Each structure stands twice: as structure tokens, then as C-alpha cells.
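Protein sequences appear in the order of chains A and B. At position 82 of the first sequence (counting the first as 1) the number is 82 in the working numbering, and the numbers step up by one without a gap. At position 19 of the second sequence (counting the first as 1) the number is 19 in the working numbering, and the numbers step up by one without a gap.
Hints listed in this document are in silico derivations from the structure and should not be mistaken for laboratory results. Note that the structure is predicted; figures quoted are calculated from it, not measured. Think of the CB as a built atom: it goes at the ideal place given N, C-alpha and C, for glycine as much as any other residue. Treat the hints with care, since some could be wrong.
Some chain A residues well away from chain B (every beta-carbon gap over 12 Å; in silico) [to be verified]:
1. S8
2. F68
3. T72
4. P139
5. Q149
Computed cross-link-like contacts, EDC-like style, restricted to lysine to aspartate or glutamate with a CA-CA straight-line distance of at most 20 Å [to be verified]:
6. A/K78 / B/D63
7. B/K3 / B/D17
8. A/K90 / A/D128
9. A/K42 / B/D67
10. A/K42 / A/E59
11. B/K3 / A/D11
Here are the computed distance ranges between Cβ atoms for each label pair [unchecked claim]:
12. A/P31 / B/E27: 29 to 37 Å
13. B/G200 / A/K14: 27 to 35 Å
14. B/G200 / A/E77: 54 to 62 Å
15. B/W146 / A/K54: 50 to 58 Å
16. A/P31 / B/L23: 26 to 34 Å
17. B/F164 / A/T67: 52 to 60 Å
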Amino acid sequence: MAGSNQISRRDFIKLTTVAAGTVIGAAIGLPAIAYLIDPALKANTTDAWIPLGKLESYETGIPTLVTFTRSTINGWEKTVNSYGVFVLRKSDTDVVVFSNKCTHLGCHVNWNTDKKEYICPCHDGIFDINGNVLGGPPPRPLDRYSGDQVEVNDGTLLIHFLGG
Amino acid sequence: MWKKFFTWLDERLGLNDLYKATLDRPEPKGNWWNTLGSASLFLFLLQGATGIFLSVYYTPSPDHAYDSIQYIMNDVAFGWLIRGIHHWGATLMVLVVFIHMIRVFVTASYKYPRELTWLIGVGLLLCTLGMGFTGYLLPWDQKAYWATTVATSIAGSVPWVGPFILRVLRGGTDLSALTLSRFFAAHIWMLPAALAGLIGVHLYLIIKHGESAFPDKDD
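Okay, chain A solo, but in the shape it has when bound (with noise of 0.2 Å):
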């Protein structure tokens, strides 16, 4: 047989041994590769639009506290967070949403009457009622939504939520 363009048999059992082996390790294999990364391979998407009432119903010039809860879901485990953001009308159509966390380590902000300032409860941070510092640790003003991360449709405020 040597010579000739025909297999030898040798050749052909190797052959057709690595070709089915290969088609036996792949069909094992993969499966086994996508069951141990399928959870990287899913996309968590945390964003979403709130709705936060009719806008008309806030107060002009006072911040109201709105609290909404986020639900995630990791495999078998569901997480449920509570966020609060400060809903501030400016005039009839223009509107600034403040989060309530301190930019300091995450304390929740409350809005004081009296003094027209938000104060954080934990170290004292002091913020004026367009979230700028006005004293203690907060290393920056409160985090904001505008521009494009605040809808009104249909007389329905909405924030565009990021995630935690």
C-alpha cells in the first residue's frame, strides 16, 4: 500500500479514533465549559426609569422624601433594597432629584425645616437645598438626577435609577 494514494488502515482506525474523540470530548466539554461560566454570561441589568407620582403634587421650593424599594436577583437569592431620593420642584416645570445618601460613607440625609438644610444624621455632614456642602466630612455635593436622567411624561416624574 505504501506509495499508493489509497489510506492504510492503521491510518484510517487513527483517524476516524482522534475525528470521533474529538466530536465525544467537544460534546462533553462544552456543555460542561457553559454550565461552570453561564452565570458570568448573564447580563445584570440594574438601570431602570422610577416613577415617582404626579409631579404637580409636590410642593414648590420644598424637598420630599420619596423611598422606593429595588428588587435583584442572584441565582436562587433575591435581594430587596430600599433607596429614598429628595424630589425638590423648583418652579411648575423645573425639577432637581437629590439621592438621599451622604457622599460621606452612605448615611441617609434627612431635610431639616427650620434650618432649610439637609443634615446627615451620622457625622454631621451639612448639605444647602441644592445638595452643595456647607460643612463636615462630605467630600462632594449630593448626587444628583437632571438633564436626561429626569422625565415627565404624562405629568408622571421619572429618574432614571442606576443601581445601588
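Got chain A; can you put chain B on it based on the hints?
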């Protein structure tokens, strides 16, 4: 190149000797009944591999055991396949091990000099049944819960020491989180370790003694 590499390895590992001792052994007469031991070994390895994969997502706690299996079955890619193989492989392994035992008994292969191979085989059978018993609880559904309640109660009916055995099995008087976690530990650590060790000795003895010839009409 390959040959050089292989010779280098062979000189140090004795691969050729190993091959001759394990796979190139003389077989008295080809017989399909003699393949049941290898089939049991294959199923053990298959159960080991799929079991390791299941442990990536399974959680042995009453709060999460059932949910984590639902997650494996419905959400993880090929989770249904891995669990399916583990589920059916378990049943098949008990069956194959049992037929293997019957074959050894019927052909009288347990006689001198293979008595120890048989005794270790008994240990392997008991460990296999133990794997089935402990694995059955892990899904933590109604069937698993009540099957284990009944089976541990049966163990509890032994005279004198019964109640103590029951408390040892359940980790207390009731079937609880402790039962689930100790069954899990037995299922993935203790019994597999025992099985692996016993299989090692079992295989050594088979290689040492060779396979028994089937009895003929003169026997």
C-alpha cells in the same frame, strides 16, 4: 520528538509497566459479565464528575437546597443535563454494582485467593447504598424529607441502641438543617473517600490475582 518525550516520562514513571499491569492483563476468556466491575468504576467516576459540577450551585441548607436545585434545572446552561446524568447514574450504579455482585457469587469468584476482594466488595456495595441513601435527601423536597424520615425511623427501631442511632443519623431528634448538612458531608466527602480507598484496594487485588476463570463442567 513525541517518542523522546514519552521515553523520558516512561523512564521516570514506568508508564509501560503500569500499562502492562493494568490494561494489558491476560483475560481468561472474553465475557461480557466480566465487564460489570469496569462499568461500576466508570459510573463511580461519572457520578464524581457530575457531583463536583452540581456542588458549584447546590447549597446544603433548608432555606436554599430546593431553590438552588430549581436554579440548576431551569436557569443554568446544561444544568438539567448534569443533574439528569447524576440522578440516573445513581440508580444505574446501584443496579450495576448489584448485578456485579450476583455475577461474582454465581461464578464462585469469591473463593480462594479472592476472599478479600469479595469482602471489600461488600464494603463497596454498602458505601454505594449509603451514597444513594444520603443523596436522596439533598433535593429537600417532600419525597426526600419523608423518605429520610421513614428510613431513619427504621434505623431507630433497633433494640436498645435504636434511639441513639437515630439521633446520630439525624443530628438530633428531628430531621433538620443538621440532618441535611451531615448527609451532605457524608455524600460528598466521607463516603466518596471511603469508596475511593476501597476501590484502590479492590483494583490492586484484581490486578494481583488476575481474573478468575469461569467454572466449567468439571468443577
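Open item on the list: Which constraints among the numbered hints does this structure fail? Numbers only, ascending.
Closed with: Hints 10 and 14 not satisfied by this model.
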